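All you need for the working numbering is the position in the sequence shown, starting with 1, plus 4.
These are computed hints drawn from the structure, not numbers from a lab. Quick caveat, the model's predicted, so the values are computed rather than measured. Accuracy of the hints is not assured; some may be wrong.
Unchecked claim - In silico BS3-like links for lysine-lysine, alpha-carbon gap of 25 Å or less: (1) K250 / K499; (2) K1049 / K846; (3) K450 / K258.
As the list claims (entries may be wrong) - Distance windows between CB atoms, simulated: (4) S712 / E433: 53 to 59 Å; (5) P470 / S313: 51 to 57 Å; (6) E736 / K499: 53 to 59 Å; (7) K718 / A840: 50 to 56 Å; (8) E663 / V921: 42 to 48 Å; (9) G820 / E251: 22 to 28 Å; (10) G513 / V479: 46 to 52 Å; (11) S712 / A576: 39 to 45 Å.
C-beta: ideal position from N, C-alpha, C; glycine also.
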Amino acid sequence: MASEGNVNCKSDDEPDVIIEGEEYASPDEINTPQSGAATETQHGSEGSGKRRRRRGRGKKNKSGENMQTPSNHVGPRHEGQENHMQGQRSGQGARPRSGRMNGQGQGQRIGSPRGPRYQHNQYDGSPQGQRIGSPRSHRYQHNQYDGSPQGQRIGSPRDPRYQHNQYDGSPHTPRSQYNMQDRRGPPMGSPYQNGSPHFQNHSGQRHVNTPESGNRNSVGKQKKKQQSRNSTPRKQFKPFEDYMSKEDVQRGLKRSELIQGSVRINPKSFEDSFISDPCGYADIHIQGLHARNRALEGDIVAVQLLPKSEWKVMQQEYEDFKALESSVEANLAKLRLGSDVKSCDQKPVNTSQQDGDQQNSSCAESEVNNSECQPPAMPEPMEPVARQLFVNEVAGQPRESSSDGGSDKIKDVPEKFYQKRGKVVYIIEKKHSRAATGHLKMLTEKDATDALFAPIDHRLPRIRVPLTECPEGFVNRPGDFANVLFVGRIIEWSKDSSFALGCLHKSLGEAGEIEPETEGFLIENGVDFSEFSDKALGCLPDVSADKPGIPNSELSQRRDLRQQCIFTIDPATARDLDDALSCQLLPDGTYEVGVHIADVSYFLEEGTELDSVASARATSVYLVQKVIPMLPRLLCEQLCSLNPAEDRLTFSVIWKITEHGEILDEWMGRSVICSCVKMTYQHAQGIIENPTRVWTQEELPPVTSNHSVSDIVKCVLNLNKIAVNLRKQRFEEGALRLDQPKLSFTIEGVSGLPNGCSVYEQRDSNRLVEEFMLLANMAVAHRIYRSSPERALLRRHPPPKSKMIDDVVNMCSKLGMPINANTAGELQTSLRQHYADDEHSKGRCQILVHLCSKPMQMAKYFCTSFINDEENYRHYALNVPFYTHFTSPIRRYADVVVHRLLGEALKCGPSVLADKVSIQAQAGHCNDRKTAAKRVQDLSVELFFAIFIKECGPVEEDGMVLGVLDHSVDVLVLKFGVIKRVYCNALPLREHIFHKNHSNPALTIIWKADEDNPEETNQTLRIFSLVNVILKADEQPMKYKALLKRPESHR
């Protein structure tokens, strides 16, 4: 039997405008081609998390300078890596590959003047031992050098090409840093290397590749190389910097010498991390592992800016700025010239002047008080631009230029055109759980007492765990555990080690299975999925037959609404029904509309053990196949859930409202209701789409006897009529909604595997519920703020990051789809102008929404005492001054706090024990847990979609290009709304050519001729190009990849 996977698209949240899974991207990574090309390098499979590059191409570092890095290196070289490379070149701990050892501990090169043998006449015998063909030698043989001034050797670590690695790793001969048989791993010696400190491939097998024999398992050669490796001293690790003292950090933050922020690590380049710039400019770049200084994803850190000379000028933005400056200067010059010509026509000219410039100058000076000779004022549209951007020019002060007449001096570049760089000097709060899923590997150290835990997430360091904690048999048969998932935890990461110290938490099971994978990312994100303790469950009321859950004394103190027509509308799979609606037509033609929310705070008393557990969990977590509840099921599915035909305690907000959405009166308070029917969104949608249809009892879920089906139908239609007007009014007042696609799965009942997948569609029934939930949240926010202006728990949504949204606006304008993002309302209006019904237009609009979502910041809970300016309370997307969460207390702890504050404000509940400091701390914790829950939910969807592709694929669908990089393109799969990167090296291409263009980059790919296509096919890809995409299972478990289908040749 198939069942639908949990979508739980609850409609009481504010509009979905935030791509929380993409929050780790820097402003340079808005899928703008120029930034992507600078930060993304090629690798064959996105699932591998590793990066590759074509031969012969130099990598550019963040400042745009060429930089040679090994093919599988992830991200630019960090400041400690040079030390790693020196260690590799010096042979300290390095493993020889295709070179031959001379048997000495030094590992000198065969044929070197320092070695015992001279082979192939590779040296000329000079006292310096100059190599034949070196720049110092008069002979150049066999093209062994590339002819550069440095004379780099082909195959050296300084050259992008690796040919015939003739180096053995001695201190005198630089050698390649990577194993040529497997380029997928990070650098040797890196804490992220997939294996032991010596080279290993993806399966943990070490490569031993000698020119004498292709047999890697030769015992004699293995033993010889092992002896040589053991005789070589280990390389020196460059220690991390000491952290500042807490007192120094506090002083530095107070003086604005340090910047506090949350670390975001680029998942595709773990050496690049960022924090937000408080000035609103480009994010501050933390380049390299040493600059990150052991901070992990999400940690709150103190960052010290590096000298300005190490900042990166954002060249393209600055060039655009200069082009605009030149345009304005040209227009100003025309205006001045026109005024001079006019004045000279009207006044006699002194012919004794030597040139025209002197004539104009003389005229201007002699007639300075004559209005006829004054240059006219700049036109209104130009003057503010000129005065804001080019103050010096307007004031008549030319910008200082470099001596060679080239570009402006660096000191003249405005700060907003820099990407600042910094380093972490202190970890203020360790937000990351320090837990990870990964695999165990044996260390090759002699008499090792630790094993190496390799996290799957490459942003985490490798962890040394005691062998005593490893499973029985691991030491003797490590290969038996190669596919087993484990959970490891970091205990300590000292400044003197590239590896963290930790412990092995538990074994999850075989990689590639749903439950082990799910449990792994739950633990990684700190989600508590354990059973509730007996002590916590002891706080629940006794619901035995002789003791009803709700005492009569409590019922008598509440407004009794049990006879009204009240019902729930929820997803079909929902079991925690925390909101209900009612609508009654009044004699004067107005309506009494009620929103009724489960009164969780009545059962969850403040300060109890259960309250402590719920506050720690902070939110329910909705996975595809199950829910991790915030509260025990007795509460969330029984006592608090607004099940039909059962008396339930609620908090109600009731309005007297007109059909057009004008609110005439409002009441809030505690109540008791009895829902008459549990409807799904599909039932409500059917009623909305067929308003004149006569519905029968069999076509709807069971309705209680005191109400009829026609009563339900009338209420739904009246509510929808009011909701449409409320929604229209909301958007007219400047609200914004950016809908992100949500995948829904059908699950096979026995196997638990997905056998169907579709995008969950928001329909009128969803929007009906959403409008009234938003209205209730706003009403409660105003009420608790009026009552407790220093303790109110509200929810704010800051405006988008200015630089990122400006970049998106400029990009869309150059792509021929202009948008206006000055305000949320203007952005909504301009996006609607591009909506259309055809598939191509829908795809373009999806891409626009995706691009506009990236600059959006996350909405945050906060206590009003901790933000001084009331203007900063605003919710950007909703465009309202006050907003909070009130309507989902079963699944959100923030709503429970709001219920308590509301009960105190209305004098119908106990006083709130928490002070403003505690409320602010809880607000911050709720923010963290909400982010983690969203991340886990996204991982669950990705997991099931990969399984769906594996079970039902390959799947061929239409796609549209939304990003063009130098070796790949990002494609939106239109049917599913998923975005996947397609790599050129995974396609049968003869070559690909990247056309860098700031406004509209292009990638020309040339498909090889084959049996079915005797001629080559050229295909040019740009943003908004339509393509055919093939989704298929990847070699790695629970991963999938995307390929482009070759276009049909037109003969």
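Cross-check of the supplied hints:
Restraint check for K250 and K499: satisfied, since their Cα atoms lie roughly 17 Å apart, inside the 25 Å limit. Annotation: proposed proximity of K1049 to K846 holds, straight-line Cα distance about 21 Å (limit 25 Å). With a CA separation close to 50 Å, the supplied pair K450 and K258 exceeds the 25 Å bound. A C-beta distance of roughly 57 Å is found between S712 and E433, which places it inside the suggested range of 53 to 59 Å.
Look at P470 against S313: about 46 Å separates their beta carbons, and that is not inside 51 to 57 Å. Distance hint check: the CB atoms of E736 and K499 are about 58 Å apart, consistent with the given range 53 to 59 Å. At roughly 35 Å, the beta-carbon separation of K718 and A840 lies outside the given 50 to 56 Å, and the hint is violated. With their beta carbons about 46 Å apart, E663 and V921 fall inside the hinted range of 42 to 48 Å.
The hinted range of 22 to 28 Å is not satisfied by G820 and E251, whose Cβ atoms lie roughly 56 Å apart. Between G513 and V479 the beta carbon distance is about 21 Å. The supplied range of 46 to 52 Å is therefore violated. Judged by the Cβ atoms, the range 39 to 45 Å given for S712 and A576 is violated: they are separated by roughly 23 Å.
Of the numbered hints given earlier, the model fails hints 3, 5, 7, 9, 10, 11; all others are met.
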